[in-house]
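There are 2 protein chains.
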Amino acid sequence: MTHPTNPTRRRLLVTTGGALTWAGLTSLSHADMGEKEEAAKAAAAAKETDKAFPDYVAWKDADSMILHSSNTIETKRTAFGQSGITPVNRLYVRNNVNPPSNDIVEDPDAWEVEIAGVDSPKTLTVAELKQLGTTSVAMVLQCAGNGRGWFPHEPSGTQWETGAAGCVVFTGVPVKKVLEALGGMDSDAKYMTGTGGEEIPEGIDPDTVRVERSVPLEAVEDALLAWEINGEPLPLAHGGPLRMIVPGYIGINNIKYVKKLAFTEEQSSANIQQNSYRWTEVGVKGSPEYDSIWESPPKSWITSPVDPDEELKAGKVQIVGVAMGGMSNAKKIEVSTNGGKDWKEAEFVGLDLGKYAWRQFAFEADLDAGTHELACRVTNEDGDTQPEERRENNRGYLNNSWRDHAVEITVA
Amino acid sequence: MTHPTNPTRRRLLVTTGGALTWAGLTSLSHADMGEKEEAAKAAAAAKETDKAFPDYVAWKDADSMILHSSNTIETKRTAFGQSGITPVNRLYVRNNVNPPSNDIVEDPDAWEVEIAGVDSPKTLTVAELKQLGTTSVAMVLQCAGNGRGWFPHEPSGTQWETGAAGCVVFTGVPVKKVLEALGGMDSDAKYMTGTGGEEIPEGIDPDTVRVERSVPLEAVEDALLAWEINGEPLPLAHGGPLRMIVPGYIGINNIKYVKKLAFTEEQSSANIQQNSYRWTEVGVKGSPEYDSIWESPPKSWITSPVDPDEELKAGKVQIVGVAMGGMSNAKKIEVSTNGGKDWKEAEFVGLDLGKYAWRQFAFEADLDAGTHELACRVTNEDGDTQPEERRENNRGYLNNSWRDHAVEITVA
Numbered sequence: 001m002t003h004p005t006n007p008t009r010r011r012l013l014v015t016t017g018g019a020l021t022w023a024g025l026t027s028l029s030h031a032d033m034g035e036k037e038e039a040a041k042a043a044a045a046a047k048e049t050d051k052a053f054p055d056y057v058a059w060k061d062a063d064s065m066i067l068h069s070s071n072t073i074e075t076k077r078t079a080f081g082q083s084g085i086t087p088v089n090r091l092y093v094r095n096n097v098n099p100p101s102n103d104i105v106e107d108p109d110a111w112e113v114e115i116a117g118v119d120s121p122k123t124l125t126v127a128e129l130k131q132l133g134t135t136s137v138a139m140v141l142q143c144a145g146n147g148r149g150w151f152p153h154e155p156s157g158t159q160w161e162t163g164a165a166g167c168v169v170f171t172g173v174p175v176k177k178v179l180e181a182l183g184g185m186d187s188d189a190k191y192m193t194g195t196g197g198e199e200i201p202e203g204i205d206p207d208t209v210r211v212e213r214s215v216p217l218e219a220v221e222d223a224l225l226a227w228e229i230n231g232e233p234l235p236l237a238h239g240g241p242l243r244m245i246v247p248g249y250i251g252i253n254n255i256k257y258v259k260k261l262a263f264t265e266e267q268s269s270a271n272i273q274q275n276s277y278r279w280t281e282v283g284v285k286g287s288p289e290y291d292s293i294w295e296s297p298p299k300s301w302i303t304s305p306v307d308p309d310e311e312l313k314a315g316k317v318q319i320v321g322v323a324m325g326g327m328s329n330a331k332k333i334e335v336s337t338n339g340g341k342d343w344k345e346a347e348f349v350g351l352d353l354g355k356y357a358w359r360q361f362a363f364e365a366d367l368d369a370g371t372h373e374l375a376c377r378v379t380n381e382d383g384d385t386q387p388e389e390r391r392e393n394n395r396g397y398l399n400n401s402w403r404d405h406a407v408e409i410t411v412a
Numbered sequence: 413m414t415h416p417t418n419p420t421r422r423r424l425l426v427t428t429g430g431a432l433t434w435a436g437l438t439s440l441s442h443a444d445m446g447e448k449e450e451a452a453k454a455a456a457a458a459k460e461t462d463k464a465f466p467d468y469v470a471w472k473d474a475d476s477m478i479l480h481s482s483n484t485i486e487t488k489r490t491a492f493g494q495s496g497i498t499p500v501n502r503l504y505v506r507n508n509v510n511p512p513s514n515d516i517v518e519d520p521d522a523w524e525v526e527i528a529g530v531d532s533p534k535t536l537t538v539a540e541l542k543q544l545g546t547t548s549v550a551m552v553l554q555c556a557g558n559g560r561g562w563f564p565h566e567p568s569g570t571q572w573e574t575g576a577a578g579c580v581v582f583t584g585v586p587v588k589k590v591l592e593a594l595g596g597m598d599s600d601a602k603y604m605t606g607t608g609g610e611e612i613p614e615g616i617d618p619d620t621v622r623v624e625r626s627v628p629l630e631a632v633e634d635a636l637l638a639w640e641i642n643g644e645p646l647p648l649a650h651g652g653p654l655r656m657i658v659p660g661y662i663g664i665n666n667i668k669y670v671k672k673l674a675f676t677e678e679q680s681s682a683n684i685q686q687n688s689y690r691w692t693e694v695g696v697k698g699s700p701e702y703d704s705i706w707e708s709p710p711k712s713w714i715t716s717p718v719d720p721d722e723e724l725k726a727g728k729v730q731i732v733g734v735a736m737g738g739m740s741n742a743k744k745i746e747v748s749t750n751g752g753k754d755w756k757e758a759e760f761v762g763l764d765l766g767k768y769a770w771r772q773f774a775f776e777a778d779l780d781a782g783t784h785e786l787a788c789r790v791t792n793e794d795g796d797t798q799p800e801e802r803r804e805n806n807r808g809y810l811n812n813s814w815r816d817h818a819v820e821i822t823v824a
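Order-wise, the sequence lines are chains A and B. If you're matching positions, the first sequence starts at 1 in this note's numbering and goes up one per residue. If you're matching positions, the second sequence starts at 413 in this note's numbering and goes up one per residue.
It is worth saying that the hints were derived from the structure and are not from the lab. Heads up, a few of these hints could be off.
To be verified - Straight-line alpha carbon distances no greater than 35 Å define the calculated DSBU-like cross-link-like pairs of lysine-lysine that follow:
{"#": "1", "chain 1": "A", "residue 1": "259", "chain 2": "A", "residue 2": "332"}
{"#": "2", "chain 1": "A", "residue 1": "332", "chain 2": "B", "residue 2": "542"}
{"#": "3", "chain 1": "B", "residue 1": "534", "chain 2": "A", "residue 2": "355"}
{"#": "4", "chain 1": "B", "residue 1": "542", "chain 2": "A", "residue 2": "176"}
{"#": "5", "chain 1": "B", "residue 1": "753", "chain 2": "B", "residue 2": "743"}
{"#": "6", "chain 1": "A", "residue 1": "260", "chain 2": "B", "residue 2": "753"}
To be verified - These stretches of chain A come out as covered by chain B in the derived footprint (C-beta under 8 Å, 3 or more residues):
{"#": "7", "segment": "192–198"}
{"#": "8", "segment": "205–217"}
{"#": "9", "segment": "287–293"}
{"#": "10", "segment": "315–327"}
{"#": "11", "segment": "342–351"}
{"#": "12", "segment": "360–366"}
Where a beta carbon is used, it is the ideal one built from N, C-alpha and C, also for glycine.
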């Protein structure tokens with residue numbers, strides 16, 4: 001288990017019985033805490049509770065979330081529930097730039113999206129899209145930086161731990177149905193490129209701020225233009241009225257308030273495509289020569305018990321968590337109660353929502369009084385196993401190290 | 413399509429663009445409406461918007477619901493979404509008696525349930541139950557009286573049409589795991605009997621008001637004691653902190669705020685078991701000699717388009733809806749656009765959440781200008797097809813007539 005090197009990076013993560021506790025995933029026990037840290041804790045707690053959720057996310061369940069900033073809000077590790085589906089009012093929020101006005105979701109059917117790079121280019125309203133077909137997909141939506149909080153070189157960006165992720169159901173029209181209706185894509189197309197509806201301030205090069213991402217064409221197979229999440233109209237905070245959904249692809253590729261969907265020969269010229277979200281070594285800036293952050297890797301974490309202050313009795317303890325395969329089904333999930341020395345297979349329980357979703361797992365451990373380091377690791381159907389160590393990279397992307405996600409608990 | 417015989421029974425069902433419209437499922441067009449009916453409409457609209465949701469359901473999405481009374485609140489036919497899962501804030505509410513104080517959900521882990529009729533009877537807290545195991549099930553929760561609004565003899569009770577139903581995910585401990593922990597059930601047990609935590613007023617025979625239901629032992633196989641719905645702690649309105657969940661069984665059998673779970677030789681002596689929720693002919697009161705309302709039958713209905721005032725263009729129209737198999741998977745779904753004269757197979761789309769859930773379906777119709785009567789009927793894996801006609805019964809239970817659920821739409 002990695003302890004963040006800088007105490008200011010430790011964060012309030014767990015709420016127990018209404019009282020904020022200093023848990024983090026750093027297993028910092030009260031005994032370890034010096035006076036300075038106690039003061040820092042109090043200051044952080046005060047800051048946390050003072051912050052108000054901005055209007056566009058005022059409906060979020062504040063008790064289940066960690067407000068980093070108005071555009072970065074994390075789900076607490078204890079707040080995912082055990083149903084396989086993350087409630088929308090607990091789902092993380094992450095915007096690269098400020099969202100557009102809430103006006104755009106007032107009449108969602110009127111929203112327009114331009115479809116380009118097809119035989120018969122056309123601008124379609126959501127109402128028109130709804131007449132082309134409908135389906136749903138359950139998927140893990142996860143920010144590229146989820147788990148960034150454990151990188152020792154302290155990459156810039158939000159210090160997410162586990163909560164910049166959730167498993168939700170998106171409903172909309174398959175992109176394939178849109179292509180069918182418009183005569184198919186251009187023969188030279190290599191990418192599907194979505195453009196977000198954020199307002200671009202005047203006088204600056206749009207490429208510096210435009211949220212526009214390109215994904216390879218194989219992503220079209222399961223992609224949607226979605227107007228609904230978990231049965232509700234897609235709220236602004238999650239990209240309503242219409243979002244480009246690319247199941248299995250990391251959050252940034254799922255373009256919010258999508259106003260243009262194009263089938264293109266080249267990747268977008270936007271900075272967010274060319275230079276951001278690239279795999280580079282620590283200290284190296286992103287550029288087109290490096291791989292883009294697209295597909296999700298296998299990953300899992302324990303969601304209960306995770307609070308070092310939780311009162312657990314020696315004996316049988318249910319260890320539960322979530323496990324995702326990435327681009328193929330989660331096939332095996334193992335749990336260790338001694339920091340990865342020994343592993344036992346745990347059981348997937350509840351719903352199987354398909355390869356892009358996560359699955360709940362449960363493991364009945366028999367724990368003696370004392371401290372235990374709990375870890376889990378998933379293997380997907382392609383045979384890829386979640387690694388022990390994170391892959392170091394400049395911006396702290398795609399941390400799926402099982403060691404970083406381990407937790408220390410104490411039973412009495 | 414049956415038209416309710418009494419105009420006062422027609423209700424406001426559809427909200428379009430924020431304006432209340434007089435839709436019902438009665439396909440009453442504006443042209444049909446006399447002045448008297450227009451006045452009734454205005455009065456009903458005023459009454460509807462004046463009513464306030466009681467505190468325990470203040471968090472419901474009022475725009476998606478029809479408030480019949482403080483204990484009977486229906487989901488609008490247009491508000492189920494197309495994701496397969498019904499958002500909790502749109503899920504119907506039905507209580508036989510007033511719910512207990514909201515205090516009971518403030519510390520859900522402390523709630524106690526007495527387990528009786530087992531080898532080692534014991535009272536367990538929710539916290540203790542959580543250590544015995546966890547799983548989830550997606551299921552249609554449906555009131556016995558859903559569809560009562562179409563019975564011509566006007567049975568007493570809420571005049572539900574389609575909205576006393578929803579498909580949700582319950583999470584909790586399998587009853588089988590509880591039995592395992594307590595040494596198994598008594599050998600003479602024939603029923604699983606749950607007792608609700610409602611307060612019984614002093615001075616009256618508890619059997620007259622107690623909410624206590626018995627289900628046959630085969631129901632134990634998939635039954636849960638659930639503390640979570642769609643990933644959120646179970647709210648009071650839906651039976652929190654703990655509910656007995658019997659997948660596939662009609663709503664009343666899923667005991668809210670369950671305070672006792674017993675394995676019994678006899679069915680409960682409560683009136684709600686002995687005399688209510690029994691299959692009897694019109695005019696005949698319920699009593700133990702008649703079959704109890706337990707298992708759900710196959711049923712489906714269209715959710716879009718259903719509004720006679722919706723502006724639809726001739727040509728391709730997506731017809732979408734929900735279809736449930738009852739006690740086995742929905743296997744086939746057919747759609748008719750001419751009131752049941754001809755049927756074509758529609759496609760199941762989106763998530764398959766298991767045999768107790770409903771599935772979304774979609775059908776691309778090619779409609780000429782004019783009026784069309786849309787109907788659907790489901791067949792389950794056991795080979796049972798949703799019937800054309802309702803089974804007449806005194807209290808208006810289990811209406812799964814496809815003809816009653818048909819809708820009339822107009823395309824221009």
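For each hint, the structure was consulted:
1. 259(A) - 332(A): Cα-Cα ~40 Å, so violated.
2. 332(A) - 542(B): Holds - the C-alpha atoms of residue 542(B) and residue 332(A) are around 23 Å apart, at most 35 Å.
3. 534(B) - 355(A): violated (41 Å)
4. 542(B) - 176(A): With a Cα-Cα distance of about 44 Å, the restraint between residue 542(B) and residue 176(A) is violated, given a limit of 35 Å.
5. 753(B) - 743(B): Distance ~21 Å between residue 753(B) and residue 743(B) Cα, so the pair holds.
6. 260(A) - 753(B): The given pair, whose Cα atoms are some 43 Å apart, is violated under the 35 Å limit.
7. 192–198: violated (count 0)
8. 205–217: violated (count 0)
9. 287–293: Our answer is that it is violated, as 0 residues pass the Cβ test (under 8 Å) against chain B, missing three.
10. 315–327: holds (count 4)
11. 342–351: holds (count 3)
12. 360–366: holds (count 3)
In the structure shown, a violation is registered for the earlier hints numbered 1, 3, 4, 6, 7, 8, 9, in ascending order.
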